[in-house]
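Chemist: Residue-level listing of the chains:
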Amino acid sequence: MRAFLAAAFSLALAIPATAGVTIDEFKTDGGLTVWHVQEDSIPFVALELRFQGGASLDAEGKRGAINLMTGLIEEGAAELDARAFAKARDGLAASFSYAVYDDTLSVSAKFLTENRDEALELLRQSLTSPRFDQDAIDRVRAQVISGIRSDEKDPSSIAGQAFDARVYGTHPYGTDRSGTVDSVTALTRDDILAAFQSTVVRDRLYISVVGDISREELGPVLDTLLADLPETGAPLPPAASPVFDGETVVIPFETPQSVAMFGQPGVPFDHPDYFAAYLLNVVLGGGGFESRLMQEVREKRGLTYGVYSYLVDKDGADVWLGSVQSANNRIGEAMEVIKAEWARMQSEGVTETELEDAKRYLTGSYPLRFDGNGPIADILVGMQMQGMGTDYIATRNDRVNAVTLEQINRVAREFLKPEQLSFTVVGQPEGL
Amino acid sequence: MRALLLTLATSLALAAPAKADIRDAVTTFTLDNGMDVVVIEDSRAPVVTHMVWYRAGSADEFPGTSGVAHFLEHLLFKGTDTLAPGELSATVARNGGTDNAFTSYDYTAYFQRVASDRLELMMRLESDRMVNVRLSEEDILTEREVIIEERNQRTENSPGALFREQKNAAQFLNHRYGVPVIGWRHEMVTLDLDAALAYYKRFYAPNNAILVVAGDVTPEGVRALAEQYYGVLEPNPELTKRARPAEPPQTAERRLIFRDARVAQPYVSRSYLAPERDAGAQREAAALTLLAELLGGGTTSYLTERLQFESQKAVYTAAFYNGESLDDTDFTVLVVPADGVTLPEAEAAMDEAIESFISKPIDTAALARIKMQIRASQIYARDDVGNLANVYGSALASGLTVQDVQDWPKVLGSITPDEIIAAAKSVFNLDRSVTGYLMKEKGDAS
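Heads up: the sequence lines are chains A and B, in that order. Just so we're aligned: the first sequence equals residues 1 to 432 in my numbering. Just so we're aligned: the second sequence equals residues 1 to 446 in my numbering.
Do not take every clue at face value.
Okay, derived cross-link-like pairs now, DSSO-like style, lysine-lysine, Cα gap no bigger than 27 Å in a straight line [unchecked claim]:
no. : chain 1 : residue 1 : chain 2 : residue 2
1   : B       : 371       : B       : 360
2   : B       : 201       : B       : 241
3   : B       : 425       : B       : 410
4   : A       : 87        : B       : 410
5   : B       : 360       : B       : 425
6   : A       : 153       : B       : 442
7   : B       : 371       : B       : 410
8   : B       : 360       : A       : 87
9   : B       : 371       : B       : 425
10  : A       : 300       : A       : 339
11  : B       : 410       : B       : 360
12  : A       : 417       : A       : 339
13  : B       : 440       : A       : 153
14  : A       : 417       : A       : 300
15  : A       : 87        : B       : 371
In short, the hints are calculated from the structure, not lab data.
Put together the whole structure using the sequences plus the hints.
Modeler: In structure tokens, the structure reads:
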């Protein structure tokens, strides 16, 4: 479900680093800004590239083009067709992963020191000379369509898509980035090429590199890797205007357990109250088993296996979402408890103990995320996209600790909107 | 959360460690009461993963109580003589850590990830609930609702999961690998305090447990704490060698059709009964691991080449084998047909491809690529010490030794093409197979 992906992403961004990670920010001769951590103890490198824009750059009427294009980047480049490219990559034991989300296209690469140059050359070919052969387009298109059809029968996917459509309307966030069977069927090779040229460009690129490589080696390597990309692509879409009407919408679907998505307006990352809102969410439904929603819905009443809430900061929208799954005859009760807890939090706020516990959790788990080259590279590139400086890491826990009980409870009163909390339920819920 | 381990294995089985320096980072010893300890050192970050694995999973349950191993795993978060329900997780969170647990056929494991200076606290909490759990009737009833919702979420809401459950039940005629880890629903609703405590008293003891500590620690430091917290616990003298009902000779090809209106993408899959990795004898399992990679391990595999690139009868193909299992396991091949291709046609294409794979020499270039990836995986594995803890813990709980784990990449690297073909011919026996069609409600199976 894509709301979960988005949530995981924003969570990773909001929990930064520890001592021991020394970030070297520099500009290459070719003008690329890089966040680099040299870590020589294991002979490999983790490289993260993020192209801002992602699937939201789909042209009018071409929904799914950027998603299909992303799936095709590894299906042949320059002189190598799809199979030859895969064999070359596997023979080097390199891993290249290309993925697209609402706001970003990501390229994650891992390669050994012993064949670094060959691996980077192969990666360069995929980024600058993808073939987009017609047979590859047709083959991957069939896989994408198979996935779309599966989503149409999966209650969690149905709920996520229906909820997004309600909230975002005609904005790209309102439709699934895979597109529809019809829109994907109609895509041509020209559409794929256009999607590539609109997205994989230098002026919206963020880079982090962690591992066995020095700054002196890295600069020229990146300039070679990325020199041939076009400078600029399609304009970013305007911000969305999320709508939360406070209603419950039921989508009938024959399945034993109902899936509910819910949400209300969120809080921008650069808002002065963001950290208070973040802590508030930990207490409400964002932590582990200790959150109020988990305690009330799962631990006390056994109504679900899991219930969560999360702040999502997209480039063009800030929302506060949640999800729960319960048997058809119990989902109504689960939703009543969630609504009651949402309202209670808004009116009563958190206790001193809850605030302290949430602070200890957030600040104490701070070093746990920085436990490998791959995870560190991922966090660093995310920090850049959020507009943070490298010094953010040193100050982040102070910002968490600076939140007072008065502030968090004012934020609860001002930002929680029980009357706007909107539910989309898929299943055969009883009594809704 | 308090999760069920999915048992469909992937090529990750390759990712075992064993470079010289990795071996140097691993220390093992056994406490006087029989508890095994594995320490994996990695000082790059001030973090530790603390895990306790029990050599007991769903396949060790008494008949009629399916799901009790997993149910008990949930209940172990409910409190002890000295901890209130939920207090363990709350304490871990207040210390900036995360905790969880998971249950599989052969083991149950509990773990925390936390700053390394909190290791002692983790050991105090974990050793406490090994022997001192206290449960009320109310805890039981509420948590039983939770595991039933978990079954709803994982299984009842997913036709693919329901299909795999039926297929697995047909694969194992006598062994409890044929019973789902989460449990059959009609037995789950009857699970009670007695069933949970019977399982707990039988299997939760230091001489049935493995402690794995990975991260910014030293073996000496771990040993001192382990002796203090786990070493003082009494072993269970009644613990016997693990022996579960074994499979009889399987002599009949089984076929089944699972229909569900929620199926969007029909597919055919076939599993064959297959041998597992045994301590000191891993070659056949290694050959099967390589076979799964060669046959269905990704873009360059044989099934993909034949059915997706050449005949284009499939949109997706795969082969799975995970040799990490206490008893006989299975080897699975799967084909998702392209539009307009029926399941019988897809099955015929799958059979033809398997037949042709066995009858031709192994593609030595493909084998060389896979062996290169195995070598590299030992380097990449060192970046994720938490996963290394999993590799050692699950291997030891599945009847293997530290030596087996460290030999595994070398064994994989030494397997010859002849051994792969021999393993394939031995395993691809229809008498020991189950072929399943996952279909739409009104789909045509002919």
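Chemist: So which of those numbered hints doesn't the model satisfy?
Modeler: Hint check: nothing fails, all pass.
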